[in-house]
Every structure is written in C-alpha cells, then in structure tokens.
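Protein sequences appear in the order of chains F and A. For the first sequence, counting from 1, position 25 maps to 25 in the working numbering; every step adds exactly one. For the second sequence, counting from 1, position 246 maps to 246 in the working numbering; every step adds exactly one.
Treat the hints as calculated values from the structure; they're not laboratory data. Warning: the hint list may mix true and false statements.
Only some residues are given here: those of chain A computed to face chain F with a beta carbon under 7 Å [unchecked claim]:
#1 Ser-164
#2 Lys-167
#3 His-222
#4 Asn-297
#5 Ile-298
These numbers come from a predicted model, not from an experiment. Quick reminder that beta carbons are idealized off the backbone N, C-alpha and C, glycines included.
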Amino acid sequence: MKKVFILLLFVFIVSGINVKGYESTGHEGITDVTFYDGGNILSRMSRQELYSGSSAMGKNIFWGWKTHYFCIEDKASYIGEIVFSKSNKTSEPLPITYAVQESYSRSSSIKVSGGISASIKGMIKAATISGSVDSDIVTENKEEYSVTEKTNISFVIQPNCKITYRVTGDCYITNGLCNYYAFWIKMKKGNFELIEFETRYYELVEEEM
Amino acid sequence: MKKIYVLIIGIFLLLVSSIIIIIISKNDNSLVYTTFRKSYSYVSKIDEEEDIVIIIDVNNKDSFLIREEAINSCYISDKQENNKRKLKLNKIEYYRQIEIDQEIYYEYKFSFSFPIDAEIEEDFIIDEAFLILNFSDDSISLYIGDFNYYKVSKIQDSSNIRISKIKGIVNVVDERKRVVGLNVKVENISSKDLKITELNIFNENLNFDGEEVKILETEIVHNKDISELVSDYNYLDSFSKTNILNLIINANSSLDLFIPIVYIKDIVCNEFGFAIDFLFGEEKETYIYDDFIFFENIFYEEKQINDLNLYYYERN
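With these hints in hand, go ahead and build the complete structure from the sequences.
Printed below as a string of structure tokens:
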C-alpha cells in the first residue's frame, strides 16, 4: 500500500497537475482591483463583512427584493488581461508582428451568486443580466465589443527577454447582497457585483527572463 | 350589407398597405447619421496597407448608407475638395448600439485603406477632414476630424536604439481624456554613447515638449497627475514648446523617460506613432515607432456628445 502511495505521489510530481488559472477578483480577465477611496470586492470580503451586510438589511419585508449595497459605482482601477505575451529563448533577436484585432473590449462584467434571478436587473443600475440563476451556482454575464481599431504591433524581442502587451484601466464597481421575500419569509438570497469599465490603457513592456 | 363588408375590407387593406408603404419609404429615405470626431493618425511602411476605421452612427439599421454594394466610391477630402484621396472600402461591420439624446443609434465600423501606390515617403494631412461617400444617385459628406497619414520607409529598424516599454499617461484635461505624456524606455543597444536630439509625433496637432522630459526612477501609473511631473502644464501651449533636446544615453544602457505632450488645438488622439532623432557619433539617425493605441474609452464622454453634429438626410 505504501509503495502504491509513493508511486502515485511520484506520478503526480513528475506529470504535474494542470491547475486552471484563478483570478482573485472572481471576474474573468480582471486580475486585480484597487479602489480609489476605499472599498472591497466580494471575493475579498471576510465572512464577517458579508454577515454585517446581511444584518444591515434589517427586518423582513412582506414581498419582493431587499438589497444592501456595499458600494455603488465606486471608482477603482483594474489590472486586466494580457492581450499577448511572447518570449524569446533563442540567442538571436526575434522580430514579430502582432495584429490586435481579436481582442475584446467589454463594457461590463457582472457576477451573481445564490438564488438571484433575472429580476435583480432593476436593482443594479445599468446592469445587464439575462437568464436566471435558480441554484447555488455562480454565473456571469457580460457584454463584449470588439476593439475600435485594428492595429499591428511590430517589435523585436531580444534574446532571453519576454514582451507583454497588457491592459489596465478605470472602472466603477457596484456590489451588494439581496434577499427575496414572500409573506415575510426569505425565499432567496445571494450577492451581486457589477464592474462597469470606463477606460482601457494599453502598455507594452519587455522584461528579462 | 355585402357591399358594406367589401367597403370595410377595402378601406382596411388600403390603410394597411399605406402604413407598410410609409414604413418602407421611411426606412429607405429618411436618415440621421453622424460620427464622433477625432484625430486620425497613421504611420506605416511604404509597402504596407494601413487599416483606416471610421465609425458611423445611423438611426436606421436598414439604411442604404450601411450597404457596401450601394457605395460606388469614397474619399477623404478637405472641405473644398481641393485635397482629396480615393479610399478603398474593405468592409462595413455592425459594432454596437448607443443612445444619443434619448434616440437609439447603431454604430458601424467602416474599414478603408488607401490603395498602395506610393514609392517614396509621403504624407497626406488634412486639418478638417471629410469622409465622402458616393452612391449611384447621391453622395454624403461627413466631417470626421483631422487626418494624418504618413508613409515611411523604415519602422522600428535600428541596430543602435530600441524601445522596451511604452505606455501613455492619460489625464482629464478640458473635459476630455487626453494623452498628456508618454512613458517610454529607450535603450542604447550599441557599444557607443548616443545623443537624442529631437522627438516628433506623427500628428500635425501634437508635439512633444523636449524641455520637460524627465528621467524616471520609479514606475508611474497611467493616470498619474501630470501636474506632479510638469508644473504649470497647459495642454494647449504648443507654440512656446520645443521638441529639440539633448539627452545622452550611454552605451549598452537605457533611460526610462516621461515625455510630455502638448496640443496645437482641442483634439483627442488616442493612437499615434512617433520618431526619435539621434546622433550616433557624427551620423544622424531616425527611429520610428509604429502607431500605438494608448487608451480607449468604453463610452463616449459628455463633451463629445455635446459637440456632436447630427446630419439629416432625406432622399428625394
């Protein structure tokens, strides 16, 4: 048994485990968010913070949705996706041309979880949610627009260097909790977070490997 | 009694057909269209075709204006049509829906290119540029902003100098987001010192301010307040500035630079190329950097919407 265990451990170590990239913000393509005047995103809130939001909702209502906002359109900066990254492991300079035409410029990203349905739409300003979430799964819906202009980026990557073309920007964040009541009984509960993108800044950086 | 029924059905059919005719004729004949003016800035090699994208907003998805087959020819021109060039229409693509003054408009990306016929370096500059679209029985002219188009023989081609970092510093100035400076890392990859003597932008309305170039010791963010880098910065103070400088980069070393940008007039340009002139020994060289998109606004700014010209078209 011990030998089998050691063998399995060896196989894991040698083959490596394919771990899917995880974004700490919980929003696809957004690796980090920094609020200008304080604030937090849901994925970084402690249980206590979430609980305090829930408590702040107060008494149950007769019918309908009740919402608690942690922040409403609070301005933040974000670090977005890497449009491309290319390294040169050879000993010769490597000239390349990259056509930026398939990249997408999103206007917003929204995540809802818990038993929140499409009827939350009216609660989040400018949110676009289609479909509904009836179980405890997390879903997201986003609008995607192609970039305004196609552009070719030509450059030479020096030996043992890596070039990265990345996006950062400004955004507005709205998030909170909501409960749905029927006859004062809480029927559904969940949380939501909307990121509305304002600006995309592009940056090209070469770094030594 | 039967006659009354026939009469009622007749009147009903007449009404329905009239409504259909009105809707069809409205779809085809009346149109409101516009474009958000900007500063178009292109630099490319002589033998390369540059993609020129102009977004046109229309209030009618069924309009003739967005049918590729309806457009016979198109030009970029000045107002008097003294200086104009034929464009090749490559495609028209639906982009997105927007709202202007509570009216829905549909944005379409018109992709053009100039036929490659240049054999030498050249430019085509129009300060107030119009897009002219000719149809079989009519034509429209649309003020698009200013247009800067350059053809050069070499781009990013030097064995002495290279750029290993580029980003724009963007501030809200005069109600619009504008590139107020560049952060570029310039490397001298030769074994001799070189001297940067001049900086130029491939846009007639933008200039570098050579006197206020800063050597950076730490990283700066995209939205760094320019007043912390340049005291008394005035984006429209182009005429008192010089793009001449005297900056030595030692052999096999680099400088992380902040280069302020000043404007000749109130425009927004989010994409442009630039040139660095330098002395390598006694020899003068120019290093040209290709167009780079520094930033994009996801939504139009209030000032842009307020400055918008709506064009009303009624086909006879």
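Going through the hints against the structure:
1. Ser-164: holds, 4 Å
2. Lys-167: Holds, about 4 Å.
3. His-222: Where the cut-off is 7 Å and the nearest Cβ of chain F is about 4 Å from His-222(A), the hint holds.
4. Asn-297: holds, 6 Å
5. Ile-298: Nearest chain F Cβ about 5 Å off; hint holds.
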